[in-house]
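Let's have the full structure, built from the sequences with the hints guiding it.
Residue numbers (our numbering), protein chains in the order written: chain B, 1 to 490; chain V, 1 to 448.
Since the hints were made in silico from the structure, they are not lab data. Glycine included, C-beta positions come from ideal geometry on N, C-alpha and C. Check before you lean on any hint, since a few could be wrong.
As a list, the in silico DSSO-like pairs of lysine-lysine whose alpha-carbon atoms are at most 27 Å apart [said to hold, decoys possible]:
1) V/K255 - B/K440
2) B/K302 - V/K405
3) V/K39 - B/K289
4) V/K63 - B/K454
5) V/K39 - B/K118
6) V/K255 - V/K286
7) B/K14 - V/K349
8) B/K302 - B/K289
9) B/K83 - V/K13
10) B/K306 - V/K349
Derived DEER-like restraints, expressed as beta-carbon distance ranges [stated by the list, open to error]:
11) B/G311 - V/K255: 34 to 42 Å
12) V/D31 - B/S428: 21 to 29 Å
13) V/L22 - B/Y3: 50 to 58 Å
14) B/P314 - V/G394: 28 to 36 Å
15) B/T6 - V/L202: 47 to 55 Å
16) B/E451 - V/K206: 35 to 43 Å
17) V/D31 - B/D365: 20 to 28 Å
18) V/E52 - B/K206: 50 to 58 Å
19) B/M21 - V/D437: 14 to 22 Å
20) V/K15 - B/R226: 33 to 41 Å
21) B/G304 - V/D34: 51 to 59 Å
22) V/E18 - B/R416: 53 to 61 Å
23) V/E40 - B/T223: 18 to 26 Å
24) B/S458 - V/E52: 46 to 54 Å
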Amino acid sequence: MKYYSTLIFELSKKGKRAFSMPALDVAPVEADILGSPLRSDLPLPEVSENELMRHYVNMSQGNYHIDGGFYPLGSCTMKYNPKINEDISRMHQLTDIHPLQPEETIQGTLQLLYELQKDLCTVAGMDAMTLQPAAGAHGELAGLMMIKSYHEKNREYERVKIIIPDSAHGTNPATASMVGFELVEIKSDENGLVDLDDLKKHLDEKVAGLMLTNPSTLGLFETHVREIADLVHDAGGLLYYDGANMNAIMGKARPGDMGFDVMHFNIHKTFSTPHGGGGPGAGPVGVKKILEPFLPVPRIEKEGEKYLLNGDYPDSIGKLRSFYGNYGVLLRAYAYIRSMGPDGLRESSEHAVLNANYLMNLLKDEYDLPHDLTCMHEFVLAGLKNPGDATTLDVAKRLLDYGFHPPTVYFPLIVREALMIEPTESESMQTLESFATAMKSIAKEAIESPELLKTAPSTTPTGRIDEVFAARSVILTYDDLLAFEEKQRE
Amino acid sequence: MIHRYIPKGDGEKEKMLETIGLTCMDDLFADIPDELRLKEPLDIPPAMSEIELLRHARKLGEKNSSLSTMTSFLGAGVYDHFVPLIIDHIISRSEFYTAYTPYQPEISQGTLQAIFEYQTLICRLTGMDISNASMYDGASAAAEALLIALSDKRKSDNVLISEGVHPQTLRVIRTYLHYRNVDIRVVPLKEGKTDLNAAKELVDEKTAGMLVQNPNFFGTLDDVSSFSEFCSDNKMVSVLSVDPISLALLEAPGKLGIDLVVGDGQSLGNGHNFGGPHFGFLAVKKKYMRKIPGRLVGISRDTNGKRAYVLTLQAREQHIRRHRATSNICSNMSLNALTASIYLNTLGKSGFREVASQSLSKAHYLYNGLLKTGAFQEVDSSPFFKEFRLKYNGCVGHLLRELRKRNILGGVDLGEYGHEGEILVAVTEKRTKEEMDQYIACVKEASA
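In structure tokens:
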């Protein structure tokens, strides 16, 4: 990796250009015709094409990435991004499609999406699927809206509570608030699973539903999931499944069979689509029959041999996107499912779980393992056994010096000094062992030469970055930077 | 035979199982109660090899008629602007597209710098102070902007939305706001502009904000200054949804007093992709800094005092603030926002203006050409930018079918949006005089 921080605005020189355009072949029309206030200055950079390419290549070299190395990020499922998926997502006949083209001109696309809905239903054990949500959190939004509409349809307006375990992803409570629900947080038991007694206390006529991640964010399967589902259903609530950890159970078990009524997938986790430095993802949502009338519109359906978009569902929650979802991402997921087949998907989950258990076993002597059980696709360590002064943050930053991306840190919130590790099926035994060697070596350094941890990283493009300075000075644009520097000079 | 995406050699699986004291893969899943364990393979088609899958995908593609073979005058939010080739070369770099969210800034400087440049570009186009790292699309950006407005005014319970806002955006807003018990009041258009006299009748002390789209869904331009004045007179937040390309020519909304600017970024170098992924932008004046949803990148320094980029002001976000977060957004459209930055940097000061003014000139060429055929009438005489609507003397559906026979996608039938007999036509810099003359000739034939 390399250090490069020059901004495009600093490279700009008047008169340079990186574009070419054909001459205008009709009579020019002046912008005055717009009858609106016009801009006197357009402050965009001026660079040549080759400088532009070099700028971005240099910039890219400041990035760690999955094609270059291991990302043991818990709950993020950083698996390999297959290359055929990229090629298929660039096939012009599949992608140069306007969303408002007539249905008869997009039969291939609709067929593909229809098949994807069906396959996702099969993996989930659900009855119907929408592909519209743009990401996992957007899927959660769709799911909770459907739960709310369901209760409103039944005239149970007093159902305003959503129950969420304290181990949940931050998006769960944030989504509940966005949909106007009241949040009830329940405790985890000593094994990090739902505390049934605490759950029972909150089950009353005000419960709208429960959101659950299974396996939990601790990487443990809720063995009492059927009992939990029965309890919630008996109280008149519905069950939402956060699909962030679906990579643990493909072809092994299904949320639909566990009693969940609605769930989202994180396509960019489970189905191998690239993270793109923070998106785009996709968050399809599957439902049982009882929630089907509430799915977002339009729905992709098949009538005889013809595929169509059907918006005629009066009870639908409505639209969540301008059009039909992140098709470019869904195309990749389709290619992935077709590449894997039923056996490949099951083996992916099996090897993801095998890798997690193997790595957990390699690390448990030096790191505190609060739940020493067979884990699913991920596990959570509570920092070093003998930390000295070293924190989990120090361990994470020191890992950078060993050339590894650190695990997810300080999450879930119920484990102190948490290091949440998810190796995925994409890693070899050799990679897991090198990672464990690095982690063990850091454990030794924490005792013998703790300054190595405190001053880490030292081999990365930048040293540890001052986050407080960023939050105080609030330099969010190049123009802020110029103003800040001006002030410094004064 | 093991799948090529699972890197295990002979005997390794067994060795690993043995190390952890297990004998078979199913032992790993012992915590799943037996009655929940799948006994049969998933009922999905068997695995395909690369050769088979490519062939299969091509066959699906052949069932489409794509823009590779058709000339598009479709718009309504997704436009056929040219995508400079350099973009795909850059976003195809593994360092960009296979990187995770930049939570570890020391090894994510590339992504962070890209977002910082994006924030600057969006702020310069819109005249706002702060842009986040991107939203899902223009519609959800508009919905979240209204949520900012609602949170900014205590006890507010309604918003005003101009009839000129894209109907799909309005539908998405209805979905988002329904669950918050917010009343949506639609302000009609009058001669192509939002009727602020009508808005006066609808506004009250509980109105949080108002959304106007410029150019509007029908392509015509609104009076942004009067709109922002109306909002500040009524102590509510003004939200303007814009076509970013139009900002090459039009004054930055921030200079006209607008509080929040949103829009869809598809036009900025993102392909059609059947409507997604594109991205939405959301930019605000400084006073809304603590209310903006999503990620923000700021400049800081490392231990050696070197310039470094880092995610900042994260206390607004769901992973820190949980149910008190400004939004639940987590993943956004980072790679599409990067695409937009590359697009703006490629075209730069003069190229971006050229794209806008060629689109403007060509749209007017076609508009005048179509009027001259005698088959169309003006709906109103308001100025338009790159998209316009006309009233057709015959059946719009029939005309569009005739055009399609000649591989022309002639536009959007506005009958589907309650404007029977009207057509919405978009023209970008990519269209040629020859293509537009073909369109005009076809109209003459179809209407003869």
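Going through the earlier hints one by one, which of them does the structure break, listed in rising order? 1, 4, 10, 13, 16, 21, 22
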